Each structure stands twice: as C-alpha cells, then as structure tokens.
Amino acid sequence: MGSFPQFGAFVLRAQEKTGRTCINGLPVASPAKQMLGRFPYLQSIRHDNLAVYLHFSETVIARDLVIVVMEHHSSTLAESLKAGEIEEDAVKSVLYSEICAAMEVLHRNNVIHGFLDIDSIVTIRKDNNDISTKLSGYGLPFLTNYGKDIASFMKFGFFLAPERILNEEESLFAATYQSDVWELGFVLLQIYLGIVLEPDMSESEYLEILNKNFSFESDKDNSVMEDIIQLLTNKKRLPYHKKCEWLEEIITKCLRMDWESRPSINEVIEKINEQIPKLTKRSIYDVMTAEDMRAKVKTEMAKDRDGFEKLSLENAFYLWKTCGSSPEIILLKKGIIQNHAPISSYPIVRFDDFNQVDQGVESQSTFEYGVFELPKKKTLARIEKGQKVSARMFHKIGITKNYDHLKENILYETASNMLTIDHLLNASAVFGVSSIVSRLSKIGVISTQRSDVWCTLLDIDETKWSTYLNLDLLAPHSSDRQLEVDIPRCHQYDSFMTTPAVQESLRKVLKGWQIITESDNYVYWQGCDSLATPFLLANMSKPYVAYACFKEFTHRYCYKFYLKDNSEVIKEYLGIFYHLVAYIDPVLYKHLKNNGFDAELFAIPWFLTCFAHELPLSKLVRLWDETMIHGNSFPLMIALAMLNRLRDKLLSVNFNEMIIIIHDQPDLSIEEIIKNAKGYETIIPPSCTFRAHASPWKENYAGDVHRLPNSMNGLSLGELSQLHCPRLSTEELLWRIERNLIYLIDTRKESEYQSEHFSNSFNHPSNGLVADIDWLRFLPGIVNSELPKCFIYEKNDKEATEALAGAYVMKGVPYVCVLHESYESIKDKSTLIVKT
Amino acid sequence: MAEIKTDDSANDSSSTLREFVIRAPEYCIDKYVRINVPIPLPEYTYLEDWVGKLKAQSSGKFLDYEDAKEALRKFIYDETVRYQNRRTTFLIDAAVKKKRELGMPLFQPSRNRRLVEPRRKPAVPFEEKFTYVVEQSSSENLLTLMRMEVFMKKQMTDMIRARNWEVEQLSKQCEKLVAETGDSDMHPHKISILNEKLRQVHTTYSFQVADLCDSQKSKYRTAVDSLYARGSIPAEFLEDVILDDQAIPRPVAPTSGDHAEGVNESFTIYVGSQLKSMHNVCLVTVDRLTDLCQTLEGDWTTSSRLEMATKLYSRNLSGTTLLVPRDPMNHINSSSDFFKIFEQSTELHFDNLGEQLKKVVVSNRTRNTWRADRIDEESARLISEGKPVPEQPIPSSALRQDPTCTVGDVYITRHSNLHKVQIVYHLVVDETLQSVEINSRHPCLAGVRNIIRIAARYNTSTIHIPLLLIDRPDESTTIAWCLKRAEMLFKCVKGYLMEVCSGMDVESLPHYNVHFVLPSGLSPTIYAAISHMCTNIFQLVPGVSS
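Chains as they are written, first to last, in my numbering: chain Y, 1 to 836; chain P, 1001 to 1546.
Among these hints, one or two may not hold up.
Listing some non-contacts, in silico: residues in chain P with all C-beta distances to chain Y over 10 Å [as the list claims (entries may be wrong)]:
(1) T1080
(2) V1167
(3) V1209
(4) L1317
(5) E1378
Subject to a maximum C-alpha distance of 25 Å in a straight line, what follows is the list of computed BS3-like cross-link-like pairs (lysine-lysine) [as the list claims (entries may be wrong)]:
(6) K212(Y) x K1097(P)
(7) K333(Y) x K571(Y)
(8) K464(Y) x K1069(P)
(9) K464(Y) x K1061(P)
(10) K1311(P) x K333(Y)
(11) K1491(P) x K1276(P)
Just so you know, these hints were derived from the structure itself, not from any lab.
Keep in mind that this is a model prediction, so the values were computed, not measured.
Even glycine gets a Cβ: it sits at the ideal position worked out from N, Cα and C.
Chain Y on its own, in the form it takes in the complex (with noise of 0.2 Å):
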C-alpha cells in the first residue's frame, strides 16, 4: 500500500501544577491543557517542505503523559548523507532552498524551531526519484511554552547554538530565532560538505571550539566555520571537497558566535534565491491544450495508484483512528509506554489547593524517548480486504458489480466519502450549493470536512470576514465581564474548550461579533457563547472563519434573537412553535396547555441557542450538518422532534414533573431527532411556519412549495395566543388545491357555498360552527391523510372558524390550519372555484 502516509508519534511528559483554582473557583488549565490548546495553531502552519502535525492528546491511562502524532517518513537526512545520496550540487541546491523557505515560513508564523538538525529532517523519494526534505519536530517552544510546560527532557543534536549550550538547563528556553540560524548553518554545512559531522567530529571537539571561539570582547564576526572545516581537513575527511565560496559565507555568518551578527533568516534565504534559480514547482496538470491534459489524465489512470494519495493526511489519519485503536493504545501495547499501578505512586499528603511537598513521587507512567512509527498495517488490512483498493474504486467507477460487498467494509466507505465530499464542495464552486445538498445530506459529513462543508453551506468568504479583522479585539469592551464568567463556564466537558487558547478564541469572536452587531442593537446574550462554540472547534486556528460562520448561522436560524429587545421575536416564534405542535400532535397540545406547561418555559434556551446549550458537541455538531441544508424554519422541527420524543413521558404527569422531564436528554439519539424534524418538514405545509421576524434569508434548493411567495402579515401576540393551529397563505394553498394536495373545508354558508365554491372542498355543517368529528371522519380518506386540513371561511366569520379549528385540535384532530385570510380576499382563484 504505498500512498497510505505514515504517522510518527511522540510523548511528552507534561508538568502536573500545584495550586490548581482560579480566583473565580474554576481550575486553572493545566499544561498539558495549555499544551494542547497551542496545538492547532502549530498545526496550521502549512508548507511542502513541513512534516504536518496532526493530533495532540492528554494520555487518559497514563495521566501526565501526552501525545503528538505527526507526518512522518522513514529516512533522515542524516541517513541520506551516510549513504551518500547527496553528492550531486543539483540536489544539494533543491535542500538549501526547501529547508531554508520551510525555516522562513516558520520565522513568518512567529515559530522558533528549536529542534533543527540531519536527524529532525526527513528525506522522501519523489516520483521521479528526486530527493525532497520535509522538517519535523519544529515549534516545541512555541507548544510547551519554552518547555515550562513539560517535564521529560529532551535530546537535542551535538551542534546546539553556543547561547543554548550556556544555558544548559533550559535548552528550549533558551531557543530563538536566532539560535535557529546556527542550527541552520550546521544543517547547510554537512549537506555542502556532504558528510555527517558525527562523529569524525566529536562532541568535545565541538565544545573545544565554542570555548576557544568564545569571547565577549572579540571580533562580532567570529565565526566557527573556518575552524570545522580545518578539523575535518586535518582529520582527511574532506578528500574530494569542492569549495563554493558564496555558500561558504552564509554558513560563515550562519555560524558566528555572537547571535546578534547572525542573519536573519530572511538573509539567508536572499543570498540562496540569488545563486539557486527559484525551483518552479510544475502541476502535474500544468499544461497548454486540451489534448496534453488529456494525455496527462491517461498517464496518472495508467499508473494504476491505490488511491490514498487523493486523500489529505488529515482524513488519513482520520481513518487510521477508524480502525478502533487510539495513539494511546498502540503506544502502550508496543511497550513506548510503560503504565505502573496507581496504587505504588499515591501522593502521601495532600493540603490547600492540592499542593503537594512529596515531589519525589514517582509519575505512574514512564515512556522511550523518540518519534515512533505508527503501524498501519491493520488499518490497511481491513480497507483491503481481499480487494485491491484503486483510485478508480474510491470514485466508484465501474464498481456497481461489487458494491454491496465494499459497503460492508466501512473504511473503505468512509474514505470514498471523504474524497466525494472534497469533490462536491469543488462542484459547488461552479454549480452552487443547491447542486450538492441532496448528495452531502446522505453522506454526511466527517469531521475533518466539516470547517469546509459548513463554510460552503453558510456561503463564507473573504467578505464575510474582512471586517472583523479591521477590529481592535485587544480593546476593552462593555461585554468584557460578562465574558470573563461566561467563557470559562461553556462546554467545559470539551478537553479544547478547557484551554486558555480557544477561551482566548472564543472571547475574541464573541466581542467581534458584538462590536459588528451594536449597530444593529445587538447584544450579547448568554448562550450566544454555547453557539458560537462549534465554530470555533471547527475553526480553531483561524477565528475570523469561525466569526463568520457564527454571524451567518445567527442571521439564518436566530434572526433577530439577539435585540436588546427580543422578546417579540422570541414569542412570535414561541407561538409559531406552539401552533405546529397543535398541527403535528394535538393530543399533546391540549395535555401543555391543559397544564398551563407553555413554550417559554423550556424552549427559549433551545431557540435562543438553537439547541447548543441543551446538547453536547458530538450531537450538536450533526445536528448542525443537518440544519445547515434547511431552511430558516428547521430549528421548529428540531423542537417539535425533541418534545416527540418525550411525548409518552409528558402525557404521563402533571406541570412539575414536566419540567424535570423536558431537560431530561442524555439519551438522546441525534439521528433519530434528525430524521424526524426532516418528517416533520416534509408534512407542515411551509407556509404555516411564517413568521413575521423570519430571517430574509431562504434557502433555494429546497422544493417548489418552500419557494412561493407569501403575502402573509404577522400577528400580534395576543392574536398568536388565541390561535390554536397555524395559519396557510393563500399562494400556498392555491398551489395545493392545484395539486390535490389539500382537504378544503368551507364554513360559509351553504347557500354561498352552493353558489360558489374550491373544487374538492368540502362545506361545513351550518351547526353554529360546532366542532363535529362524526362529520369530518367521513370525509373520503381524511383519517388516514397527512394532508393539511385547511379552514377557510367568509369575512365575518373569521373568529368563530377559528375557534372552531381550534375545536377541532382539543378534540384531537391532526393537521387543522386555518386561511390566513377570508374567502372574499383571496385573489386569482377563479380558474380553481366550481360555480353554479
């Protein structure tokens, strides 16, 4: 299986803190928090020549332990010294420019290395045979915070800057970027040289020459050059060594001896541009003619890959992870970590904040030092599965023969998934989203994807975020306090949610947002933290994403729900809420309002965050998926799929139970929430979710019926609560009588019925509009029918059909809505009405 990436992983021991609460009572983020909430910053940086980071974990077994797993190769430049692959000046030129533009995009990003040497740097074969580097092991300043954060030591090559050597108990601490350039010039002068230092030239040789080169008062240019190269000459280790005078003045400077005289890395990288012709990097795909693309497409099918290579290293390791085992576990079952009872390191004595004096209590884990590679050979066994697994195969290709066999391999499934999905969120670019919600809706999506998916669904671009990066977020601001107790409150059973980094994050996306809003008389509410939260585990190392989805979302589905004022939104939807329970299940209707249980007294927070603060992450972020492809009405199915779910339960009891039971949702299966309110949506006619407030925003890939105008009006409060179904506009209900779609009743008077009338409508008994189920059961096929059952009625008659409807729905009948309007008002009818 050649494509399939390999992963490397590493442990470090992080410090355990004493003294462990806040000011504020909550605990303080322990290193290896803060560790990990450093994390995806590190792991953003993107370059060819960088070995990807890919996963940080708090051990759960080993307690103080954590993991890193990253990109990871087999061979080092070291060995690719040692074996002489690098002798030729064409290679060596690709290897100064590649580590030192790698060294730059470090430097850029505000990242010391602080690791850089043969053995950190990996070598790869390319195709075509040419020898590519990739660094890895960089940033663990930044990660561990200058390794205040860790206690296991690390082990750094022999050729350490001379400042760090000094300051030998703090060999991170004490990296720079300019200490980077020393380690730099170590790097270029064996690749220039073509020889592995070590060992012709030992440690104490080295050492010699630091301490013979050292000096305060000296020369600043002092270099430690000349003095290497005279050793290995004397030593006769250099017999065929070609002098390359301008690459020998920047290892020259590289490796001068006061820091402040060393280049920047900018320097260096302007002298190496002058002398290498920048390498152009060609597309596979570069190419003039329709014809050389096609012949390029022939030679890449004919090559016969397995596939993997299509897949980005996040969703490969994604699906290493799905194989059921964790870092963790294949760590500890190879021996890399050793796990010791609990029992034998117990602390003896315990005081104040979980201070501690016994600090020679042995860790309950030890672990081997060093990058190991994690096997995938099971993961790889059950992707293949007797099948050879092609590049053709993950498109599904010519493959419908064998389809029921690869569905049952679930691997495999899913990493077609993921390469389908990248696909169609390329399509949207150029066919929009309509053309893929149907296709992403039955995938779903795979939490690597779903910064993209989401991004893609929401509409996000550079405009959407521009302005918030024009804010002054460092700024005070009214929020501040509020925040200040929010944030360290919100998810707090996410490990990430937990870390200074994303508190940090999130507090600056919160006050974005409301410095953006206040115009608008926006305010922040609390819950407003619960929503914005997905966001931003989505979008960890880039806010202003996470700033702009969380806007979007807000307008689509909590329009208006953060005014100053928003209590007329807020029940409006309330009322609206309450009217497609009575629609969709009246028995229950009547049983809350019998008891007095409305919709304010435990829906708010489900609306107001939309169901953020009452569900987990895990479920909250699917749910989402699913929201994100309907329409600005999806959160009331949600709810009425919720409460369904509680139906039994809340018939059962009486008003104060019924408040313990609504909170109650550990169990809650999402998938099935989900593919009721999908139900629901497909049963309420659109119509009788309009609000007045509605966001303007509408979705238009949903079906014809969702996309008829509306000459609806909003009602007052007091109108919404008289009301005990919802209300159909008139478009609507022509587009239904046109389709047969609909159960008509007619409570005007028989004569005017008689003279004219719908087709297929049906007149109400003239009983002094009287609720007369023996009447309406007969109706062909009503029983059955999930078809609206529309009331329409005369001008004057407008509060008594109503009532009646409502008659109806305390007697238990599903599916009543009344015409938002009165039979003489409706307009363009005469081509669907029956005159005598």
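With chain Y's structure known, arrange chain P on it following the hints.
Same frame as chain Y, but now just chain P:
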C-alpha cells in the same frame, strides 16, 4: 513604507512596549498611524489581532490590509529578535560569570543536556511480579498463595489475641487490687510490679509481632518471586499452611453487623449539563467510620483475598475517609481503632502503618518549614519597609519543628490488609467540626475536594465520604444541623465531581461510586430527609433509580 522608531533604553530581558509607526496614505489628515506593541507578543495574541488594532486607529482604515500586515509582521519579527538577543545576552552574561567564578570551562559536556526520560528500572518491581502472578498463575497456585495469606492472618490474629488476653488479665488484677483496698496508694509496690509486668508483656509482644510481620512478609515475597520466576511455591512454605477455609476463628462480633438501622440506598446520577457522565451515589449508615475497612469474621477468606489481589494494582481502586486529629502519629501513640484493625494482619505489600505515617511527618516538617520561611520572608520585607509585623499564631521557629498537619489536610495510607479498600484518606479535623456550621470555604471541604481530586487522578473509582463530617452524633447533632451539613456536603461534592469530569473526552468519561457515610443513631426523620435531599440535589438517571 514603514518607519521604525527604535528605543534601545531597555536593556533587560523583560518585555517592552514598542511603537509601530506606518505612513498613512497621502489623502489622510494624519500623516502616520501608530500603535504600541508589547514585545514579545503576549501569549494568545497573534499578528492578526495587532493588525486589527492598527486598522481600528483613526486613519488606520485607509491602510492597505496586506501591506500593513506585512510591515507590522516584519516590525514584530525584528523587535522580537532584538528582544531575544537582549535576553540571551543577559542570561549568557550571568552564566559566563558564574562559570568563570567557578573556574570551569564555558563549554563542557553536560549530563543535564543529555538527560532523557529515566528508563524503567532493570529489576522488575514487586508490583509487576505480583500482577503477573495474579494474571498468569494457575488457579491452584493462586489458591495456595491466598491460603498462605489466610494462614498468616490467623497466626497474627492469634498472637494479637493472646497479647490482648494477657494484657486484659493483668489490667483486671490491677483493678481488683485497687477495688479490694479501695485505695490505690495502699499497695504501691504490688501495683508497680503489675505495671512493670504489663510493660514487659507489651514489649515482648511488640517484638514478637514485629518478628512475625517480617518473617511473614519475606516468606510471602519469596513465594511470589518463586511463582513469578518458576511458576511454583517452594514446598517448605506450604507445610504449615492449613488448607481449611473455616479455620479462622471469629473476633468479637461488633455491635451491629447488619445495617438495618439508618439509610442504605443507592442512586444512579448524572453529572454535567450538556455532556452528562453517569455515576453511582450511595447512602450508607455505619456505627463507626472504621467499620468500612474492618475485616469482620468470615471476611478474610481466600476469595476475598483474591479479590483484593486483583484490585490492588488495578486502575479500579477503592478508598475510604477517616476523620483524624492533627498528629499523624496519633494512630500509633494512642492505639486508634484504625490501628487496631491494621494490626490484625501483616501488611504484605506496603510499608506498615508506622512507616507510612513517619513519611507523613517528614512531609509535614518540610511543608511547615516552607511556611515558616514564607513567614520569615514576609516579616523581613515588612520590617525593611518599616511596617509593623503582625503577630503570628505560632512563631516560625516553632512551626519549623512542627510535625503535625493542619485542619483540612489529607494524608493518605495504602493497604492490602483491610476489607475492600486499598486507600485510606485521613482528613484532618478538629473538635469544632462536630458542632459548628461550615460554609463552602471551610478547609475541611477543601480537604474533601482534594480527596476527590486525588481519587480522580489516581484511578480510585470508589470513595467513601462522611456526609456529616462526624464520626458519631452527639447532643449538638440536631435535625436542622444535620440537614444543613448534609446539604453543604452534597452540593460541594456534586461540584467537585463536575470539576474532575470536565475536559474529558466522550470516550474516556469516568464513572465514580461515591458513598456518603452516615453515623448510626440519628432519628429516622433525619435519614428520610437526607435521602430525599440526595434525590433532589443530584440529577437521577430516570428508569435506573426508582
């Protein structure tokens, strides 16, 4: 485009504010846009944040975003390099000075620099051998090992009983003598002879007990070693092992073995608001807190020993809480109930109680010395500032010598010879706790919090906590007092549980069994009210608890 104003006045290694100045476009009224940037950037602020600040200045909005960002990036980079260089110089000056003073070469091979994680010890520790034996031995061998334990316990119990009998006899004689004459002064000679005898008995037995302990422990360890290495127990060890499970005579039966009195209920609860983790909460009633670890008659069987053997080094420990006075040695010196339970059998795995408590004393000294140092430093500071030094409750010199704990401290002992628990949390309390009302900041609640945190950190999933923080009720234990105290404990423990469950991944949610321990002898109303309160404070899992 960017003009950098520099200021080299700051030469130390602390962070500094640097002013970034950038030329505004021609048409702006202000010629320049300026912001102050702390160097190095404070943690969790990024380039984008500072660009935002720049753009939010008046005239800032006219700057080209990307240009301004790049200029600011370069500025921050250069300034950070300068800062780092200053800091390096500062640190190196100090390091060089120190080395020169010591006459050491500046650069020398350093052991520290090469230090990596300590490798596992070459010798396999007893813990691992024992775990291996428990997991891998044949059931027959394991049974034999457990029988050894049962036999050893019998030996020890017999010896302790003999001692207690003799002591009792002598004490009775003493009493009799005093009673006969009605005046202890009448036979000072006889009494002092008896007292001398009593002392002798104690001394003799203490040697014998210690000898037996040592020999049992070494025998046991040899047996385990042998099982580990050869898969069998040396035959000579087995000769005196009685292979009859019924052979252990009963100690004096405690007053109430069955807990018919009080409340004994168990609930399944949820902790957490969005992500809920499930735990068990039990209410149990006992006469004394020590009952929870006491080995009763019939408890010390091969099967109960096997259970202990499998749990001892597992990640599923059980712990109980005792309320103790400040002096850790009190257990030994005044022969506490707990000590009496402990001495019934040899501690075969860990240090004996005395040794463990001595370590607590050492810890206490270290800590009290540290506190004394802080007090002295503070006083010195106040004196140097000419301020009055507040009176200390204990002079720091006395504090330095103090081997005792402070109220609210928790010290921990480990045991393999108790019943069902391996860990004992000794929560240090004072007498006032018996009657006063406490708030959530009381040191003893901090102690309870520490117990829960330790339990969480060291895989102790079952813990017992005295709900009222008292051992026995007295006249101050009124209904109102009990309910108030119980409510405080329930709510605090609930909060502590939430704390230790936060930040966990869904897959690794912990599950705890928390036993709230009540003393017997309270009125039935109190038990009923507490049980009711428990169901109100904790969110019960519906359908599981009735």
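Each hint, compared with the structure:
1. T1080: Non-interface label fails for T1080(P): nearest chain Y Cβ at 7 Å, not farther than 10 Å.
2. V1167: 32 Å, holds
3. V1209: 24 Å, holds
4. L1317: Incorrect as stated: the minimum Cβ-Cβ distance to chain Y is 6 Å, not above 10 Å.
5. E1378: Non-interface label stands for E1378(P): nearest chain Y Cβ at 17 Å, farther than 10 Å.
6. K212(Y) x K1097(P): 17 Å, holds
7. K333(Y) x K571(Y): Cα-Cα ~57 Å, so violated.
8. K464(Y) x K1069(P): Answer holds: K464(Y) to K1069(P) is near 19 Å, not above 25 Å.
9. K464(Y) x K1061(P): With Cα atoms ~17 Å apart, K464(Y) and K1061(P) stay inside 25 Å; holds.
10. K1311(P) x K333(Y): At roughly 21 Å apart (the allowed maximum being 25 Å), K333(Y) and K1311(P) satisfy the hint.
11. K1491(P) x K1276(P): Holds, at about 17 Å.
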